[in-house]
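Number of protein chains: 2
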Amino acid sequence: MIEPNMATLITLLFTDARVDGTTLGAIWRRVIDRTFNCVSVDTDTSTSDTTVCLASGAAGAVDSAAFEQALYEVMLSLTKQIARDGEGAEKLIEVCVDSARDAEQAKTVAKAIVNSPLVKTAVHGADPNWGRVAMAVGKCSQYDDIDQERVVIRFGDQEVYPVAVDEAGLARLSSYMKGADVRIHVSLNTGSTACTVWGCDLTDGYVRINADYTT
Amino acid sequence: MIEPNMATLITLLFTDARVDGTTLGAIWRRVIDRTFNCVSVDTDTSTSDTTVCLASGAAGAVDSAAFEQALYEVMLSLTKQIARDGEGAEKLIEVCVDSARDAEQAKTVAKAIVNSPLVKTAVHGADPNWGRVAMAVGKCSQYDDIDQERVVIRFGDQEVYPVAVDEAGLARLSSYMKGADVRIHVSLNTGSTACTVWGCDLTDGYVRINADYTT
Numbered sequence: 017m018i019e020p021n022m023a024t025l026i027t028l029l030f031t032d033a034r035v036d037g038t039t040l041g042a043i044w045r046r047v048i049d050r051t052f053n054c055v056s057v058d059t060d061t062s063t064s065d066t067t068v069c070l071a072s073g074a075a076g077a078v079d080s081a082a083f084e085q086a087l088y089e090v091m092l093s094l095t096k097q098i099a100r101d102g103e104g105a106e107k108l109i110e111v112c113v114d115s116a117r118d119a120e121q122a123k124t125v126a127k128a129i130v131n132s133p134l135v136k137t138a139v140h141g142a143d144p145n146w147g148r149v150a151m152a153v154g155k156c157s158q159y160d161d162i163d164q165e166r167v168v169i170r171f172g173d174q175e176v177y178p179v180a181v182d183e184a185g186l187a188r189l190s191s192y193m194k195g196a197d198v199r200i201h202v203s204l205n206t207g208s209t210a211c212t213v214w215g216c217d218l219t220d221g222y223v224r225i226n227a228d229y230t231t
Numbered sequence: 017m018i019e020p021n022m023a024t025l026i027t028l029l030f031t032d033a034r035v036d037g038t039t040l041g042a043i044w045r046r047v048i049d050r051t052f053n054c055v056s057v058d059t060d061t062s063t064s065d066t067t068v069c070l071a072s073g074a075a076g077a078v079d080s081a082a083f084e085q086a087l088y089e090v091m092l093s094l095t096k097q098i099a100r101d102g103e104g105a106e107k108l109i110e111v112c113v114d115s116a117r118d119a120e121q122a123k124t125v126a127k128a129i130v131n132s133p134l135v136k137t138a139v140h141g142a143d144p145n146w147g148r149v150a151m152a153v154g155k156c157s158q159y160d161d162i163d164q165e166r167v168v169i170r171f172g173d174q175e176v177y178p179v180a181v182d183e184a185g186l187a188r189l190s191s192y193m194k195g196a197d198v199r200i201h202v203s204l205n206t207g208s209t210a211c212t213v214w215g216c217d218l219t220d221g222y223v224r225i226n227a228d229y230t231t
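Residue numbers (my numbering), protein chains in the order written: chain X, 17 to 231; chain V, 17 to 231.
Okay, chain X solo, but in the shape it has when bound (with noise of 0.2 angstroms):
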C-alpha cells in the first residue's frame, strides 16, 4: 500500500474496553470498511496488510455505540495520516460521493475518482478541473442508472457542475486548491447511499520514490 516495494502495513490497535470477541470482530469489521479500506495511495494492494484490534478489558463494561464511534475516530485519523503520508504526496484528498444507488456504487466511483491519475495530477497543480472528476465518473461505465445531466460536483463548498463558478467563488476555489487538503464532492443522485475515500496527489516525488532503486 504505502511502502515501496510491497508496502506492509501491520496495525495494532489496543484498548482496556471490556468487549466480547464476536462484538468487538463485528464492530472491528464495519469501522475498517469505513477507514483502512478506504484509503488508497496508487490502487496497488499489499499481500500482508494486516489490523488487529485487542481488547483486555481492564476497563470494564463500555457502551457499544459510543466505543464503536471512538474507533472509527481513531482509525480515521490512521487513515488519513497514511494517505498524506503516501509516496511523493503534498496534499490529502478526500473524495465523497453521496446520493448514490448503494454503497458499492459509491465506492466504486469515488475510488475511481480517487485513484485517476488525471485526478491526482490536477489536484498536484491546485487545478479545480472538475472535467477530469466528471471523467472519472464517466469511465464507471457499469452503472447504466448515472446521468451526467443529474451529477453535481464540488471542489470544498464550491459546486463548479453543472452551476459554472463566478469569478469571485472562482478566486475562492483558487486559493482552495492550493491548500493541503483537497475535497472533492460528488453527488450521483441514484439514491440516497454515501461513501468516503481517502488519497493523494500524483507527484514527481512518487515516481524518484519508486523509480530510482533496484531490488
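Just so you know, the hints here were simulated from the structure itself, not pulled from any lab data. As the structure is a prediction and not an experimental result, all values here were calculated from the model. We put the beta carbon where it would ideally sit given N, CA and C, even for glycine. You can trust all of the hints, since none of them are fake.
For lysine-lysine, the following PhoX-like pairs were computed, each having C-alpha atoms within a straight-line distance of at most 25 angstroms: (1) X:K123 <-> X:K155; (2) X:K155 <-> V:K155; (3) V:K155 <-> X:K123; (4) V:K123 <-> X:K123; (5) V:K155 <-> X:K96; (6) X:K96 <-> X:K127; (7) X:K127 <-> V:K123; (8) V:K123 <-> X:K155; (9) V:K96 <-> X:K155; (10) X:K127 <-> V:K155.
Reference excerpt, derived from the structure (chain V facing chain X, CB under 8 angstroms, subset only): (11) T59; (12) S132; (13) P133; (14) M151.
Once you've looked at the hints, dock chain V against the given chain X.
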C-alpha cells in the same frame, strides 16, 4: 488521458478492398478488441474515442482472412504508437498474459499489470521487479483459481519467477530493462487463453504534463 474504451481519439482508416458492411463491421470489432481496446496509458478514459473504417471497394474482392490480418497489423502498429506517445512516456510496456481461464481473466490481469503505478515506475527505473508484477496479479483477488505457486513471470525471454535468475541472466536482464521496449510475460496456468495489452512507463514527465497547467 489514454485508455481507449473508446483520450479523445478519432481514428479513420480507409481501404480500397471490397467488403460488405456487415463483414467489415465484424472484422473491425475483432481487430479493435485486440488492438485499441488493449492500450492504456493511465486508466483514464475519454467520452469521445472513435474508430471508423471505410471501404471503397475500388480494389475489388479480397481474401477475408488476409484482409483481417492486414487490418490487425496496421491497428497494432498504431496501438503501440499510442502507448509509446503517452504523456511523458519513455518506454513501451507490452504485457502478455497467457494460459488464462478465459479472455476476460487474461485481459483483466494484463490490464492490472500494465496499469500498476508500481510496475510502471519500476520499468521507468529499469528495475526487473517481479515482486511488483506478482502484486498486480494478486490484486485481481476476484479470481480464486489463480494459484501463486503456479504463476510464471518473465521479463522478455528471461524467467524471473519462480526460478530465480542466475548472475549471467541478471546481467542480460539488466541490459534488457534499459531498452525502449519492455515485455512482461505472465503465465497463469488456469487455462489456455492469452491476451496482450500495451502501456508505458510512469515518469516525472507525466506528472509535469498533467499538473502544470490550469483549465
